[in-house]
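Undergrad: Generate coordinates for the entire structure from the input sequences, incorporating the hints supplied.
Sequence lines, in order, name chains A and B.
Numbering-wise, my numbering puts 453 at position 453 of the first sequence, and it's gapless, one number per residue.
Numbering-wise, my numbering puts 112 at position 112 of the second sequence, and it's gapless, one number per residue.
Everything labelled a hint here was simulated from the structure, so no lab data went into it.
There may be inaccurate statements among the hints.
[As the list claims (entries may be wrong)] Below, simulated SDA-like cross-link-like pairs (lysine to any residue); rule was C-alpha separation at most 25 Å, straight line: (1) A:LYS162 to B:ALA84; (2) B:LYS58 to A:GLY173; (3) A:LYS174 to A:LEU372; (4) A:LYS297 to A:ASN409; (5) A:LYS174 to A:ILE202; (6) A:LYS174 to B:ALA34; (7) A:LYS162 to B:MET1; (8) A:LYS188 to A:LEU362; (9) A:LYS174 to B:GLY4; (10) B:LYS152 to B:LEU57; (11) A:LYS174 to A:GLU152; (12) A:LYS298 to A:GLN275; (13) A:LYS174 to B:GLN2; (14) A:LYS162 to B:GLU111; (15) B:LYS152 to B:PHE41; (16) A:LYS162 to B:LYS152; (17) B:LYS58 to A:PHE197; (18) A:LYS30 to B:GLU126; (19) A:LYS188 to A:GLU440; (20) B:LYS58 to A:GLN204; (21) A:LYS174 to B:GLU40; (22) A:LYS188 to A:LYS297; (23) A:LYS359 to A:ASN409; (24) A:LYS174 to B:ARG27; (25) A:LYS162 to B:GLU126; (26) A:LYS30 to A:GLU440.
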Amino acid sequence: MSRSLETAEHPETLRRVAIDTVSRVEGHGKVTILLDEQNQVHQVRLHIVEFRGFERFIQGRPYWEVPVMVQRLCGICPVSHHLAASKAMDQVVGAARLTATAEKIRRLMHYGQILQSHALHFFYLGSPDLLFGFDSDASRRNIVGVAQAHPETARRGVLLRKFGQEVIRVTAGKRVHGTGSIPGGVNKALTREERGFLLADIYQIVGWSRDAVQLIKRLNAQNPALYNSFGICRSNTMSLVGPAGDLDFYHGSLRARDANGGILFDGADYRDYPQFIQEEVKPWSYMKFPFFTAFGKKNGWYKVGPLARVQNCDHIPTPLAEAERREFVDYCGGMPTHAPLAYHWTRMIEMLHAAETIKDLLHDDDVLGDDLVRSGERAMEGVGVIEAPRGTLIHHYRVNEDDLVTMCNLIVSTTHNNQAMNEAIRQVARRYLDGREITEGLLNHIEVAIRCFDPCLSCATHAIGQMPLAVELVDAEGQRVHGLARNADGSISSATQ
Amino acid sequence: MQPGVVVLAAGNRSRGDDAIGPLLLERLAARLAAEGRGGEFELIDDYQLQVEHALDLKGRRLALFIDAGWRTPAPLAFYAVAAAPDAARGSTHELSPQAVLAVYRKIEGAEPPPAFVLCVRGERFELGEGLSGPAEAHMEAAWRHLTLLCGKPDAALWCAMANNSERGAA
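TA: Structure below.
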């Protein structure tokens, strides 16, 4: 019997469990599990409906509109799309190098985005599982439960998120729908008042970010066996690194390592990404499966995001985060770890780095400058790559002589992690579900593994009345034989036949 | 001085009927400005509700959440809402209005202001689409309701209107 769990040999004879996080638009996800009569797991798949309609949305628009428009692709990380598109359009307007003020304002905006996104993920999505346990009462596993049991932790989470939003507001011009970054630079710098406003809180933010790293380390130390093995999936990794091999979320060249940490490629110009990344289409998923061309579909898939970045770089260019990186590397014995729960630890190291970088940028007078925009020889094509909170984000455009976009290709972080997320939940299914009756707690183990990667499943729209999360066991004839249902308020109840 | 009433509209203007909330808010801003009443209301437009919106409730006497609804009553539902947590979710990234109120209660150690939801039914939410025909009609009904609400921003009156709405729905 195959144990890869991607494709069962005789699916027609198996029962089907569907974990359906359906929302009504693109960006929703579903897990399906095929079980035999003894509840042995034969097939596990994470289906994510890829963000369709990008091309239709962008094509035909003037290139200068694109950095603002693309923010509407995703309400979770609009700043990442704003900046990736801006970087691509810098090439179109011939701005080979930005002014010091423009680059530092963009960096400030981006590191504010990393800070607020990582805070949200850890304190809202991740910490309820980690603080209460994967099998704990589902009604407590939420931010309000965290606030009840750990009020100071929850308060800091909210205020860290809020601070990151304020950094975005003063650099992008508005809290949402910002217009700060434009092809060739930015349209505003900071005023002294804005700088003073952010400086008033930044030291507290750095302190709280340090505490967050200590919190995840304590949680890890309480149950290292779990943290080091849960959902483990060995793979290659990829991220941008700066010119000195340093961690850099805004700009750099692409570096990839194998599962043992060996360099696969380094210093790669991201504008050449089509030469070394291809995307496989599988019939059972709308989302593509990227892989390194040189290593093929089977061996070339990879992880992106905090766990990849922190292990891919040679050092972090801020002292507190670098000390934490070294401790993390030492803890892992100098070899890469592939445990999904380590995403949380590395995410907090990155949050600390973002806070330190914001502090440094706020003390740099370049952010008050008035030299904001560059231009040069017009080009017909541009590729912008950025390390978004969830991982590498690629924007690629072609623009015609009338300044209209004729081609758009986006590879988002969640797509890069598609195979890794599938492998992680297969590992969890083998370990925790095989041969057992499905319960909400076991179901949550699958969701915990997915949450480590923080996929962007709910892209931009959230109306009241979303469909519930449904878990159903269906026999080979498609008849429901047993089930659990996650209701619209998030609670779990038994489903009747 | 901080406005006493906060109106939070959630939605993405580029995803079909999800634009209902932001469009209503934009129209409300213009109306209030024309009437010289902009200082009475804080209007906040965002893609979705998040934990930091709990901080926007601080110091208010009244809160209104506006959002598009999916498979919700047509043309709209208007109801009072109380603090309650969202249970664990798969991996969504938004809070319900109830959860925003619950976060406020926990981090501020106080009861949130009286809060209400104006939920306007939408039909289609695809990227790049405009409002659907039904949603345009629902939004007009919602606009009439919203002007009534903002004409007299009083918690007791809004409670009575919410009770009437529920009886009408029943």
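Undergrad: Which of the listed hints are not met by the structure?
TA: Numbers 11, 16, 19, 22, 23, 25 - these are the hints that the structure violates, sorted from lowest upward.
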